[in-house]
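Please arrange chain B on chain A, whose structure you already have, making use of the hints.
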Amino acid sequence: MNIHKQVTTTALLLMLFATIGAALVGFIYDHTYETIKQNERQALLNQLNNIVPASHYDNALLEDSFELAPDPLLGTTEPIAAYRAKKQGETIAVIFPAIAPNGYNGSIHLLVGIYRDGTVAGVRVIRHRETPGLGDAIEASRSDWITHFAGKSLGQPPGKQWKVKRDGGQFDQFTGATITPRAVVKSVHSALLYFAANKKILLKDEVVDKGAKDEKDVDAKDSHEEQKDAGSSSNTDESGS
Amino acid sequence: MNIEQQTIIKNGLWTNNVALVQLLGLCPLLAVTSTFINGLGLGVATLITLVLSNTFVSIIRHWTRPEVRIPIFILIIASIVTAIELAMNAWFYELFMILGIFIPLIVTNCSILARAESFASRNPVLDSALDGFMMGMGFLLVLILLGGLREVIGQGTLFSNANLMFGPGASAFELSLGDDYPGFLIAILPPGAFIGLGLLIAGKNSIERYRSKKVILVSAPTRPAEAPASS
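Protein sequence lines, in the order shown, are assigned to chains A and B.
Numbered by my numbering, the letters in the first sequence go through residues 21 to 261 in order.
Numbered by my numbering, the letters in the second sequence go through residues -9 to 221 in order.
Next comes chain A alone, as it looks inside the complex:
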């Protein structure tokens, strides 16, 4: 009997403290939830505005998001959010994530913005684990290297020049780090190929968007095939070099 009583009080005691702890955490969560959500949206918006300046579009960028199916050209394995920047209903640029799988230390997550005409609006690194002081020069806060993608497109420079200088291309590498910029350049190039293959879906304007829900599936099929072509052509590119 005595033991029973002891066990029960001990268990109740533990339960009491667990409840108090949970109540405290719940209370704080409730009071910080809104602010945290807002912070995350603001941080994301700042990042998007670094790629396409806020003065260039007039829609609520964060509301205008859509899901992109996984694609080897983007390096994605699950659906991922992309954003359309519009001016007076017309899509002027699209911003979507791309993952460079072959960084020096794991994959490098990028955000790539591409204007309607196929030129790069801007590229930013969201997440990476490259060596501090060497590979981390891909961050906009460390060097201006990443800004040099702006204005480039599939033809400018030509496909064979979409490489770091050491590989005979146009882009600078860093002292002591070639693998990192090589991975980023290749990923941005793939993103451009992806854009070229999926232009229809990516650039969908508001006017088209409203009436054409049915066309969507057809579009998706079409682009899938185009995309396959683009994929194989990029592969031959690789082996040719």
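No lab work stands behind these hints: they were computed from the structure.
Quantities reported herein were computed from a predicted structural model and do not represent experimental measurements.
Among the hints, a few may not be true.
What the hints assert, rightly or not - Cut-off 16 Å, straight-line C-alpha distance, at most; resulting in silico cross-link-like pairs (EDC-like, lysine to aspartate or glutamate): (1) A:K219 x A:D137; (2) A:K219 x A:D91; (3) A:K25 x B:E57; (4) A:K57 x B:E84; (5) A:K224 x A:E87; (6) A:K107 x A:D137.
For chain B alone, coordinates are given in the frame of chain A:
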């Protein structure tokens, strides 16, 4: 201030310093001290956790039962750390992004459980809070010292990113050794943390040795009176 409180202060900051003597909590210590501000951020979070957990543990010390005291301490510490994590996420978002995983990991900083078990569960509330504050202060000082050292040697700046903690105006706090400082990579990389901490410990030990020699030579008679305080 009585002699006991003086002992608590001395223990936390020097004699029984968490990082330099007990060598506890080294994982976050080594990982985040690449700059002064990172060290300060983690240091303040750990300090607040220590004060709060010591206070609560001391308040409830007569109501717990020996069989479940450790789970209860952990529950208290985990709740406090989660609350701090949420608060930082809301009000110091960018700093939180940098410190990331090391804020929730404060729960596993054994110095906090160690203080709860060895001090707070046996002492009155005020002394426990003071002990938490001083232990946290000792940890914080080592964090900012190591962070400052690594930042100056590694990238030639001090107080960079101060705006993450003190608002936009604080960007002006940043000191620079000059733009042509080439940087010294190893200080920022993990080995730099180990080397830096090793030097700090060596420095503390040599200061102590120097002092104890002096005490014996100059004021040998007072030594016995001090002995209880330092043990």
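For each hint, the structure was consulted:
Taking the CA atoms of A:K219 and A:D137, the gap is about 10 Å. The hint holds against a cut of 16 Å. At most 16 Å may separate the alpha-carbon atoms for a hinted pair to count; A:K219 and A:D91 meet this at roughly 14 Å. The suggested pairing of A:K25 with B:E57 holds, with an alpha-carbon distance near 14 Å, which does not exceed 16 Å. With a CA separation close to 13 Å, the supplied pair A:K57 and B:E84 stays within the 16 Å bound.
Distance hint between A:K224 and A:E87 is fulfilled; the C-alpha atoms sit about 13 Å from each other, no more than 16 Å. Distance hint between A:K107 and A:D137 is fulfilled; the C-alpha atoms sit about 15 Å from each other, no more than 16 Å.
Checked against the numbered hints above, the structure breaks none of them.
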